[in-house]
Amino acid sequence: MADFAAKEVKSFAYRRPAIRKGYASRTLHVDLSSGEIAVRPVSEEMKEIFVGGKGFDLWLLWNAVKGTTKWNDPENAICIASGPLGGTPTYPGSGKSIVCSISPTTGSCIDSNVGGFFGPYLKFSGFDALEVRGKAKAPTVLFIDGIEERIEIFEVEGLADEAHEISRTLTEYFGQGKPRSISVVSTGPGARHTLIGCLNFSWYDYKRQRSRLKQAGRGGIGTVFADKGIKAIVARWDPVTLATNDPVDVETLKAVAKLHSQEIVEQDPKQNQMSSVGTAHLVTIMNDYDLLPTKNYRFGGDVRAPEMGQEVFRSLFDKGFDGCWIGCTLSCSHGVKDFVPSSGPYKGKKVFVDGPEYETIAGCGSNLGIFDPLFVVEMNFYCDTYGLDTISVGTGIAFAMECFELGLINRDHTGGMDLSFGNKEAALTALHQMATGKGFGATIGQGVRRMKGIFARDYGADPRLLADIGMEAKGLEFSEYMSKESLAQQGGYGLALKGPQHDEAWLIFLDMVHNFMPAFEQKAEALHWFPLFRTWFGLCGLCKLPWNDVTPPDNKQTPEPAKVMRHVEWYSRYFTAVTGRAVEPPDLIFMSERVYNFQRVLCLKMGFGRREHDTIPYRAMGPVSAEEYESRADRYDGQLKDTHHVDIEGKSTLEKVALLRRLREERYELLKDAVYDRRGWTRDGIPTKATVKRLGIDFPEVLEVLNTHGVV
Amino acid sequence: MVRVGSHELAWREGMTIADVLDVLGDPYPYAVARIGERIVTAPHFASAAIPDGAEVHLLPLVAGG
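First to last, the protein sequences are chains A and B.
Residue 607 in numbering that gives the first Met the number 0 sits at position 608 of the first sequence, and the numbers go up by one each step.
Residue 12 in numbering that gives the first Met the number 0 sits at position 13 of the second sequence, and the numbers go up by one each step.
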């Protein structure tokens with residue numbers, strides 16, 4: 000490959016505004032088609048209603064797209080933001096960015112949060128949010144230089160395709176001897192050839208002298224990025240101190256940050272040990288509770304799961320500080336040093352792998368019937384550097400494997416590949432094919448929803464069976480938890496705005512293990528409060544992990560331990576200390592409720608966001624096959640007899656599968672009603688006019704969308 | 000001796016997490032316990048033996064995801 004060369008095609012000087020109370024009060028808009036660069040003010044009303052982060056992204060996206068806009072139309076925007084608390088170096092988990100766009104797989108708005116330095120550097124460079132529209136004519140790098148107060152667009156040659164190479168090259172090129180001043184957003188070749196591309200956000204690891212990567216994985220935003228012809232977006236900023244974000248009340252901020260930081264330092268080693276094993280601690284726990292997706296979510300565990308449990312990854316992870324933002328004591332972004340892949344373009348070469356986290360272990364491991372930690376590490380590496388979402392890759396291959404085992408597809412369709420569960424070589428081959436757009440891997444890279452259409456239309460597969468076992472909703476692949484035995488988690492997945500991603504609601508333990516919410520109304524309340532509080536992190540530039548992955552020692556004695564209310568109170572103080580807006584815990588929920596409902600109306604504008612779109616495949620609700628039923632026969636028989644008072648004497652397994660299905664599907668519809676009522680939505684799942692008025696988002700354009708859909 | 004939070008309990012051969020909860024009289028529905036660095040889930044509370052001198056942590060596990 001030729002040496003890297005960058006030709007400047009546009010340069011735009013600007014005057015960096017002073018950060019005030021957590022805001023730059025400007026947004027940056029770049030049109031790659033025209034080369035236009037614009038800076039626009041952020042009004043006080045915009046801060047009041049949308050707060051920042053995802054709220055700002057969604058407002059920019061709403062104004063960028065029409066209801067008819069497709070993901071690959073030039074007017075589709077990629078919006079990236081931090082939030083008013085983002086970039087605070089002393090408070091754990093304060094470096095998140097959130098990205099929104101119209102998704103290639105859902106056709107609706109998607110949001111995906113990610114660590115790394117980019118969001119804070121963007122803000123400190125003068126912009127609360129970035130909107131990128133249009134399409135570049137040549138491979139392009141957008142450079143936001145907050146130090147020199149200049150935006151530049153470069154056409155580039157000789158830049159590698161793989162994300163870790165892109166980040167390394169551009170960090171060196173733009174860093175001018177200070178690599179920590181650089182954060183790079185990039186994707187990889189897989190994003191160009193599939194619909195499930197991710198974005199990699201970099202952070203510079205001083206100890207290891209390298210750029211590390213975190214991923215905005217969900218919904219194919221990397222594919223939008225690649226389609227726009229962008230190779231990378233680079234932000235440059237230095238230095239970061241507590242004063243950089245201009246908090247109103249420094250002493251309170253220091254005090255509350257110290258409380259949370261110290262609690263993590265003291266309690267994390269006794270609790271989940273995020274700072275040494277990250278989310279890998281969940282593997283054996285999920286397995287023991289029948290929640291670890293295994294063989295395309297057919298089963299909830301396997302005796303081999305401990306072979307890739309936390310003790311294995313504790314020994315694989317390179318020791319040292321792994322915080323993806325400055326000063327985060329949770330420090331959970333672990334990685335594997337000097338890993339040598341067994342396949343692909345990096346076969347035999349030493350690489351650094353960022354991860355794996357739980358989702359990747361489950362998605363690319365147990366869900367494929369594979370329990371080899373080194374295989375998972377290799378899948379992790381190639382997904383990242385190819386710019387592919389590990390969750391969609393895992394869930395997509397798992398679906399294809401089940402279709403292969405059921406005979407719905409065969410070797411004629413897979414290009415000769417034996418896609419049986421457990422076949423590591425086939426899974427890696429499919430992944431490498433996604434990077435080149437060739438072979439059956441390219442079909443898997445279209446995502447589960449499109450695979451279902453292809454298998455039914457072209458291969459004659461039974462569409463009803465495909466609908467039952469294809470683990471997607473709204474077009475997004477499920478993340479890696481079994482929801483069959485938790486109605487609340489079925490709602491957590493099915494009623495999530497963007498599709499089945501657990502970052503809105505993870506209620507399995509509260510519902511299934513602790514039985515904290517036996518009544519419908521309690522589940523509905525949980526499906527109101529938890530998605531809203533989790534949304535709040537995305538408004539502010541925060542990571543949710545410090546909220547409930549470490550808890551105060553006396554948390555269990557509080558009235559609602561799942562909410563970890565002491566931390567919610569700390570977050571209220573944190574928000575007030577930075578922004579000067581006096582808030583209490585209920586105000587945080589109200590902030591989120593505004594944005595959450597606005598997002599639902601944006602989904603509606605895009606042709607989604609109704610009851611029918613909250614449907615989930617039956618595999619997420621219960622046993623599709625006799626084999627699944629019989630694997631938990633005692634549980635299901637017991638439920639039919641004791642809970643539903645059904646006489647099952649003499650019934651075949653398939654008859655019992657059908658009976659249970661009818662009851663569980665009815666229950667899910669009742670849950671929808673209860674949740675819609677609690678949220679102030681119609682029975683069709685649309686916010687009422689009274690709700691949008693109460694929330695102060697009754698803008699004319701919002702009311703127009705509601706009118707179009709017959710909401711009174 | 001086994002340390003559980005601020006409590007110090009006398010160790011005996013074959014002692015399990017279930018035994019610890021009995022001694023403490025703690026009815027909370029813990030989902031997970033940690034014996035040193037080893038994770039034990041509630042389905043195994045009655046079978047996972049605690050070695051002498053271990054530090055045990057009882058976790059409600061409200062997190063995850």
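Read the hints as simulated data drawn from the structure, not as lab findings.
Here the structure is a predicted model, which is why all the values come from computation and not from measurement.
Honestly, I wouldn't trust all of these hints.
Partner residues are not named here, just some residues of chain B that face chain A (Cβ under 7 angstroms, in silico) [said to hold, decoys possible]: (1) Tyr27; (2) Val31; (3) Gly35; (4) Ile38; (5) His56; (6) Pro59.
Beta carbons: idealized from backbone N, C-alpha and C, even for Gly.
These are the hints, each one checked on the structure:
{"no.": "1", "hint": "Tyr27", "verdict": "holds (5 angstroms)"}
{"no.": "2", "hint": "Val31", "verdict": "holds (6 angstroms)"}
{"no.": "3", "hint": "Gly35", "verdict": "violated (11 angstroms)"}
{"no.": "4", "hint": "Ile38", "verdict": "holds (6 angstroms)"}
{"no.": "5", "hint": "His56", "verdict": "holds (4 angstroms)"}
{"no.": "6", "hint": "Pro59", "verdict": "holds (5 angstroms)"}
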